[in-house]
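*Asks:* Spelled out from the first residue to the last, the chains are:
There are 2 protein chains.
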Amino acid sequence: MSETAPFTPTTATAKLYLDDLQPGQRHVTGSHTLNADEIKAFAAQFDPQPFHLDEEAAGRSFFGGLAASGWHTAAITMRLMVDGLPIAGGVIGAGGEITWPAPTRPGDTLQVHCEILEVRPSRSRPDRGMITMRSETRNQRGEVLQLLTTKVVVFRRPPGENAEG
Amino acid sequence: MSETAPFTPTTATAKLYLDDLQPGQRHVTGSHTLNADEIKAFAAQFDPQPFHLDEEAAGRSFFGGLAASGWHTAAITMRLMVDGLPIAGGVIGAGGEITWPAPTRPGDTLQVHCEILEVRPSRSRPDRGMITMRSETRNQRGEVLQLLTTKVVVFRRPPGENAEG
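Chains A and B, in that order, are what the protein sequence lines are.
For the first sequence, this note's numbering gives the first residue as 1, with consecutive numbering after it.
For the second sequence, this note's numbering gives the first residue as 1, with consecutive numbering after it.
The reader is advised that the hints may include incorrect statements.
Just so you know, same-sequence chains aren't split out, so a pair can sit in one copy or run between any two.
[Claimed, not checked] Computed list of lysine to any residue pairs in SDA-like fashion (alpha-carbon distance at most 20 angstroms, straight line): (1) K151 / G96; (2) K15 / P48; (3) K40 / G89; (4) K40 / G160; (5) K40 / R134; (6) K40 / R26; (7) K40 / E161; (8) K40 / L147; (9) K151 / S61; (10) K151 / F62.
Because the hints were derived from the structure by calculation, they are not lab data.
Using the sequences plus the hints, can you model the full thing?
*Replies:* Written out as structure tokens, the structure reads:
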């Protein structure tokens with residue numbers, strides 16, 4: 001994806017409303033490098049399987065080496081999006097589709113490439129709408145580790161608040 | 001869902017292979033009750049938005065009160081499935097669809113109701129296949145907090161290993 005149509009606001013304090021968003025807008029988040037200890041700590045709490053906990057056991061598994069839980073990749077992706085997308089009212093996901101085309105490995109630097117696919121004002125609630133966003137979580141070699149297409153609730157700009165809001 | 005066709009193995013040490021699974025089989029996991037501190041700790045690390053971090057701010061938000069990150073609900077769901085489903089080789093998700101019909105609240109007791117929708121042996125790799133599983137994460141009132149339909153890689157029973165494996 002190119003950076004030709006970013007959806008970052010023009011001032012540091014500005015928040016984005018539905019009115020500011022349109023299909024084709026793109027945003028690349030900051031990055032996070034994760035290490036083996038982080039992978040194991042998340043797995044111990046939420047996904048305690050040998051291939052997420054122990055290098056040796058992981059080497060003999062489906063993954064051929066230590067790999068992060070897919071839900072860990074998803075959680076890091078959320079953190080990068082929350083830190084990077086100044087959507088007014090927050091990033092409120094209603095659900096979507098998720099796949100993990102390749103495992104996340106110790107030392108990988110994750111960065112999320114977001115693109116808005118659709119912007120749809122609500123018919124029944126005039127203060128909000130829904131966007132569909134495609135988010136690719138890539139590592140430092142550009143490999144796609146996670147592909148997430150989500151619907152996100154976004155509010156409309158309140159009357160009287162200007163675009164620099 | 002009824003418990004008429006569970007897919008728990010018959011002995012405590014037995015592992016389930018693709019050969020043991022068929023559409024319609026169901027399993028109910030153990031449960032986990034989460035509190036406000038857990039919700040805030042997960043959010044501080046992965047989803048630091050006011051409605052996941054602070055009761056007062058949450059009360060004024062879209063959620064009308066403290067709510068867990070959807071990714072926290074997903075992570076707890078994974079833990080309950082990993083602890084409860086003795087699939088040989090582990091629970092290896094390839095991706096799927098996820099929605100959060102209702103927020104997860106402090107004090108909610110989560111339990112996952114799983115049902116196998118499809119079992120498909122791989123054409124190219126005779127040692128494995130893919131199942132499609134629908135997993136409803138419900139609270140103590142039976143409200144569905146998360147609906148997850150995933151594809152999971154499952155291995156076939158190795159030649160020579162008997163069904164009590």
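*Asks:* Next step is simple, just say for each hint if it's right about the structure.
*Replies:* Hint check results:
no., hint, in the structure
1, K151 / G96, "both (6 angstroms within a copy, 15 angstroms between copies)"
2, K15 / P48, "between (39 angstroms within a copy, 16 angstroms between copies)"
3, K40 / G89, "between (33 angstroms within a copy, 18 angstroms between copies)"
4, K40 / G160, "neither (49 angstroms within a copy, 34 angstroms between copies)"
5, K40 / R134, "neither (28 angstroms within a copy, 27 angstroms between copies)"
6, K40 / R26, "neither (32 angstroms within a copy, 30 angstroms between copies)"
7, K40 / E161, "neither (46 angstroms within a copy, 31 angstroms between copies)"
8, K40 / L147, "neither (22 angstroms within a copy, 26 angstroms between copies)"
9, K151 / S61, "between (34 angstroms within a copy, 18 angstroms between copies)"
10, K151 / F62, "between (32 angstroms within a copy, 15 angstroms between copies)"
The earlier numbered hints that this structure contradicts are 4, 5, 6, 7, 8.
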